[in-house]
Amino acid sequence: MTAGALPGQLQADPDALPPRIRLMAYGPERLEDREVASVAELDRLPEGLPVAWIDVVGLGDVDVLAALGRRFGIHRLLLEDVTRTHQRPKVEDFPGCVAVLLREPGLEVGGRDRQVSLFFGEGWLLSFRESQGEAFEPVRARIRQAGRLIRSSGADYLAYALIDAVVDRYLPPLEALGERMESLQERILLDPQPDMLAELFETRQTLAAMRRSAWPMRELLNRLIRDPLPGIEDETRIHLRDCYDHAVLVLELLEGHRESCGELMDFYLSSVSHRANEIMKVLTITGAIFIPLTFVAGIYGMNFDPERSPYNMPELRWAYGYPVAIVIMLGIAVGMLIFFRRKGWLR
Amino acid sequence: MTAGALPGQLQADPDALPPRIRLMAYGPERLEDREVASVAELDRLPEGLPVAWIDVVGLGDVDVLAALGRRFGIHRLLLEDVTRTHQRPKVEDFPGCVAVLLREPGLEVGGRDRQVSLFFGEGWLLSFRESQGEAFEPVRARIRQAGRLIRSSGADYLAYALIDAVVDRYLPPLEALGERMESLQERILLDPQPDMLAELFETRQTLAAMRRSAWPMRELLNRLIRDPLPGIEDETRIHLRDCYDHAVLVLELLEGHRESCGELMDFYLSSVSHRANEIMKVLTITGAIFIPLTFVAGIYGMNFDPERSPYNMPELRWAYGYPVAIVIMLGIAVGMLIFFRRKGWLR
Amino acid sequence: MTAGALPGQLQADPDALPPRIRLMAYGPERLEDREVASVAELDRLPEGLPVAWIDVVGLGDVDVLAALGRRFGIHRLLLEDVTRTHQRPKVEDFPGCVAVLLREPGLEVGGRDRQVSLFFGEGWLLSFRESQGEAFEPVRARIRQAGRLIRSSGADYLAYALIDAVVDRYLPPLEALGERMESLQERILLDPQPDMLAELFETRQTLAAMRRSAWPMRELLNRLIRDPLPGIEDETRIHLRDCYDHAVLVLELLEGHRESCGELMDFYLSSVSHRANEIMKVLTITGAIFIPLTFVAGIYGMNFDPERSPYNMPELRWAYGYPVAIVIMLGIAVGMLIFFRRKGWLR
Amino acid sequence: MTAGALPGQLQADPDALPPRIRLMAYGPERLEDREVASVAELDRLPEGLPVAWIDVVGLGDVDVLAALGRRFGIHRLLLEDVTRTHQRPKVEDFPGCVAVLLREPGLEVGGRDRQVSLFFGEGWLLSFRESQGEAFEPVRARIRQAGRLIRSSGADYLAYALIDAVVDRYLPPLEALGERMESLQERILLDPQPDMLAELFETRQTLAAMRRSAWPMRELLNRLIRDPLPGIEDETRIHLRDCYDHAVLVLELLEGHRESCGELMDFYLSSVSHRANEIMKVLTITGAIFIPLTFVAGIYGMNFDPERSPYNMPELRWAYGYPVAIVIMLGIAVGMLIFFRRKGWLR
Amino acid sequence: MTAGALPGQLQADPDALPPRIRLMAYGPERLEDREVASVAELDRLPEGLPVAWIDVVGLGDVDVLAALGRRFGIHRLLLEDVTRTHQRPKVEDFPGCVAVLLREPGLEVGGRDRQVSLFFGEGWLLSFRESQGEAFEPVRARIRQAGRLIRSSGADYLAYALIDAVVDRYLPPLEALGERMESLQERILLDPQPDMLAELFETRQTLAAMRRSAWPMRELLNRLIRDPLPGIEDETRIHLRDCYDHAVLVLELLEGHRESCGELMDFYLSSVSHRANEIMKVLTITGAIFIPLTFVAGIYGMNFDPERSPYNMPELRWAYGYPVAIVIMLGIAVGMLIFFRRKGWLR
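Residue numbers (our numbering), protein chains in the order written: chain Z, 1 to 347; chain H, 348 to 694; chain A, 695 to 1041; chain W, 1042 to 1388; chain V, 1389 to 1735.
Worth flagging that the hints you see were computed from the coordinates, not collected in a lab.
A hint or two may mislead.
Which residues of chain W face chain H? A few of them, derived with a C-beta cut under 8 Å, are [unchecked claim]:
#, residue
1, G1089
2, F1113
3, H1116
4, S1172
5, E1240
6, H1280
7, D1283
8, E1304
9, M1306
10, H1315
11, G1339
12, M1343
13, R1349
14, G1385
Dumping the calculated BS3-like pairs for lysine-lysine here, alpha-carbon to alpha-carbon at most 25 Å [as the list claims (entries may be wrong)]:
#, chain 1, residue 1, chain 2, residue 2
15, W, K1384, H, K690
16, A, K1037, Z, K343
17, V, K1731, W, K1384
18, A, K1037, V, K1731
A few chain V residues that face chain W, going by a derived Cβ cut-off under 7 Å, partial list only [unchecked claim]:
#, residue
19, T1672
20, G1686
21, G1689
Beta carbons are placed, not taken as given, at the ideal position from N, Cα and C, and that holds for glycine.
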């Protein structure tokens, strides 16, 4: 939402798609499913079919939204919420109408989530979506099968089925993130690299975004179950309780993933520290052995003149000078190796 | 607030601006908008205009405040709160008057936030600001357009519109901070430097300050919605609920940014550690290869006298002494390189 | 649960075992304990025995579940919950029937937990398990002993006994994890290795999974104690209160272990850092002593020609040149050692 | 409090000062302010003065306390709380008397906080302090000014004024701590030293101690405002609400400071890590350039005898041997420098 | 508790001591204090003494516990709780009897805590302890003094006195832990060693254990104060409120210590990092000065033959070759020192 946008003023996002309206009206025996060209067609809903589901995909035409709002008696502020597609999930009740705003996560990791708005009353349900998604397909499939519970239930049950479909959409990306983190863990243990860090960071932010849209859904379902909202039957409440359990499961998975993310960060840091030690050990072992040896060799590379004085490097002229020097060097090297083995630095 | 300042005593901040008063009185048909020279002018509000908005910019004259307080029946303690511009946002209700204290964030990052005080009752709204800001302009613009909802609503709706304008002012600096953190992340990944740390630290503190002023607003809006405050109509409460949703969104963004800040700190530390490893690897590889080689060269730089004994460095006089030494050195170097490649240290 | 699975549709997991049904009916005096071949046998429960416990192991046959559901009047959604074995523990009450879903932890560390579903009403209890476990054995043993309290109590007491048995199953794996962490701590202090990190990580995730299934049990027991559920007698509530205390104990142990896990992570990092210092100290001490000495030796290894000028390395021809050089070197080495001892780096 | 101290037994701390009692009785017109030598003098409070404030400084004489307790009907347990000067702030109400225990922070950082106990009823207020502090002076000053609100209010307003004075005492040390942390941040960025760490640690503990005494004050003020305590008038409650806002502000500052402290710790760690990299870079650059060069020089310092074989270091006798060696060395050095510049290690 | 232990079955821990029973019956005038050989002696409590305190030390004989349970009408589940000495503190009320389970901390750091079970009703109090401790001694001493409040109060006051004695037992080990942490801090600042880390780890776990037993006590005291439990008089509730304040103080100290523990961990890590820098600085300074110098010396140690060509190291034959080389070396060393001083690495 832009700061300063005027409340009470419907404004379409310039990038929004033009709306396509589809009507699905059904009862236990009969089913009507067709595209609707203009809102005027909806003035009279099909007779003899207890539930009419008007599904609007694309929010690009403010007039269509306004006409639908007038037709079904939806408060202007709620219509604005439909067009401003960054709303927090919530439920609002008005006389004769319950409004539910949800967010459907993108299926691929890091994908943008989309707002889904549901309005329902006695015998009708109006849904608004930014773009055609997959979430509602299973519900449509169920409606098409005669004899299913949904065919003999009311608009409140349809609302439940759609909400449940949206909640279940959270599971595939969560599973994908879980696998991604497992693979990250293995790769970090093998060889920690900064691009893994960036990947971890991105995963964290995806999880934070999913959490922001998933948390309010729990609260929302709770309200649908507990509050005496009009038009929600007891049987539907039982199903919503089940849906609530799914939402809680989604949140617990989310929180679990978030914790794992934090732990992977620690894991990365620890792995990097461990590798630093490995590197330093090699330098230290090489250095601590050869630097003293080089010094010994340096001593006998000095040019003090043994001719001038018996004190000037008489070793150079000893018969066994060289072998003794070599033995001294070997002694130093072996001593160092024993010291390092004691320290446990040589594996 | 200075410790020991006497409650019940109005004191102007010496740096405060002199007050300028502007009266905007309106009804569905008519609008009056003018500067007011003295409080006495307000003894009789324009007739036939249902809402009078008195906007005071500058808190430098205690007498003006006191006169306004007397005129509209505002408790002395609240007037003090107006002059002490570090109050926590809150709502207080008195008979015939509701007081709302808010904080408007600075638009630029790190900018000082300013206190906005609103008092409203039947047909009037009194606002106090430290200095002329931009926040109220869109509301004024709306009032000037005849036919807008605000023109036919009461002072409670005006209060809502102003609160909503202040809440929406939080979004631009939050967006700026978000972009700043994204750029920080990229720069840290490239080359972590302590000035980024300082920038991160400053960002954290800006967020903490914004949070301190934004949190109470949620609670405040909650009270305005739920409590049976006088003079707030049901229609306005619906709008306030929408405003409450915005405030929650602001808070969620704030919390998300705060978390990202903490993660960037980890990110910085991890990047620094990774670079430390890179640096150390170069030293280790150079050292571990050349230190042993230098030792070998040092050996044959010793001056043991081969004349004196056949044990003293006979290699020096061998025909292939030098080539053999070179081959030994190459062998050591190649061995080390293989070792490092196995460790995965050479890319 | 697969996204898009149709609610209200019973589907068996293809890997689920075929169900085996066992009936244990008992009263203070008599006990009947036998396998049941078909659900039809259960149409009439043994007469004169106040409690009938039907234990179903294996969830592979949807028809059997459906038949049991019809026989005991269990809501379809709950039967689905039985077949989808990743439910969150919960309690649901329906007229004439209380449903309790629990999770029994695997006994070995990292073992998969299994869902246990209990349904009970006046005089009967129906339990569903994925596979034969050990948890229910102690309860069966108690039932077989005549004169035990359980023999003269109702189905609600049996439900309590089974819940208590499941809650107590959490203690052995928690104890095993506790010992594992103690051993980890010792091994980390001795020599921190990345496989310990991976072990720690795995332990954390086992704990997180246990916690996800243990937390809801507390809430569930609370509901069983406080809510006026049908068929739970006051005496049983007293026992459930005791069971609630056990669940709280389990949760406190879990939280304690989780905290210890986090502390072990810090411990690992600190140990690695400490070892890094130890390694670096050895390199620094060796380097800082021998690098200057090698330089001194290098000086007198230079080939400036003393014949050409009295300024060219006259030391080489001094009578005491070599001893003086050795003394200088010793002085440098001793100075360094004193410096390091002052720093506290030599133990 | 010593473990095993007997409740119900008044015991003076041996280090406590002897009590000095001061009576300040006032009404709108008249004021009496004098030292009181013995408790007996207080048997009859000055007539015609609606409020009598008895301020006791020094808790060294149990008999005086007991006599005052008897005189004003204070429960023994509360008198004990007065003498044991490490109580948690709290409010307790008894018939005819409200007791408020507060803690006044030391003004200098790390200073000890002192307990302030207030008891008030109809027309009287009794205050106990460990030692003469500055907190009550502004209130006394206000009382001395005729015409001030306090002069025409009751003992409950006096209690409010004193509580408010104590709450405001938290601001100066918080401000000092804030400045201290800012200076710490700058010094850490410049050159992180362990004494800063110790200072940070001390700051954290001061904040933790302040928090322990400030948190209960909020709860305490809440009770004073909401509970129907005897003798607190509605007007005073309005003032207490203001005081409550100050307490919340103090707590928010405290929490903000605590968070900053944690962030400074991270800041320190990051700065130290960064400096470690800087140090290592210098070593790595120097080492990686000169170690290979020294090796090359070492090669041509070997003493293989060119006389014996044409393979033995023929370079030594080449006309351009030396310049070529120098060029090779320069090549290595320049190559390394280019490598380091690419890595971005040379600024 | 062993998984699978049968509820409702009293089982003594095989290591438990045999019970010793002591009866202390008292009233304002008279006191009886003696060992009791068998439970049968307690069938008739001493007449004319309003309070009878039966203190049982040692839980090794199930029959004695069962007999006492029958004598005083204690529920079997509670008797089990007495024998299973790892219960969470709790309060349970039954008709005519209140049960309080507490945990008394070990006085030495890391010492095992012991369960204390109190049951009281009209005129009697039954206490069970695992072994003779010191906690109850001050209460006995008070009872022995005629004229003390406890002598003229009921069993509820005795219960309060014992609970208060247990709560106060938490203070000495907390004080000891506080001092231990202070000493740790100093030692870490001086020279961080891994044994300090292990000590810190152990301290954390001791605190976690204390917390697990202290937290429920607060809740327990709250219930004793607020719930309308039978036989607790208003005067006793006032004392329990005081005891509640002590429990809160204990918890605040515990939380404070826990936070300090976490901070000490950070402190350790930071100190280790700082020392790493110190160590590395010494290596870097030594290396960066002497490695280039050694190279220069190495140059003039090369054996290029100046006889063969005027380009081969003519410096060696210059009159001032050696002094110039020394000056170059000095120049390099001084340059490096200036660089290090600028970096602030030489103090």
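Checked hints:
{"no.": "1", "hint": "G1089", "result": "25 Å, violated"}
{"no.": "2", "hint": "F1113", "result": "27 Å, violated"}
{"no.": "3", "hint": "H1116", "result": "31 Å, violated"}
{"no.": "4", "hint": "S1172", "result": "19 Å, violated"}
{"no.": "5", "hint": "E1240", "result": "17 Å, violated"}
{"no.": "6", "hint": "H1280", "result": "7 Å, holds"}
{"no.": "7", "hint": "D1283", "result": "5 Å, holds"}
{"no.": "8", "hint": "E1304", "result": "6 Å, holds"}
{"no.": "9", "hint": "M1306", "result": "11 Å, violated"}
{"no.": "10", "hint": "H1315", "result": "5 Å, holds"}
{"no.": "11", "hint": "G1339", "result": "3 Å, holds"}
{"no.": "12", "hint": "M1343", "result": "4 Å, holds"}
{"no.": "13", "hint": "R1349", "result": "5 Å, holds"}
{"no.": "14", "hint": "G1385", "result": "6 Å, holds"}
{"no.": "15", "hint": "K1384(W) with K690(H)", "result": "21 Å, holds"}
{"no.": "16", "hint": "K1037(A) with K343(Z)", "result": "21 Å, holds"}
{"no.": "17", "hint": "K1731(V) with K1384(W)", "result": "21 Å, holds"}
{"no.": "18", "hint": "K1037(A) with K1731(V)", "result": "21 Å, holds"}
{"no.": "19", "hint": "T1672", "result": "4 Å, holds"}
{"no.": "20", "hint": "G1686", "result": "3 Å, holds"}
{"no.": "21", "hint": "G1689", "result": "4 Å, holds"}
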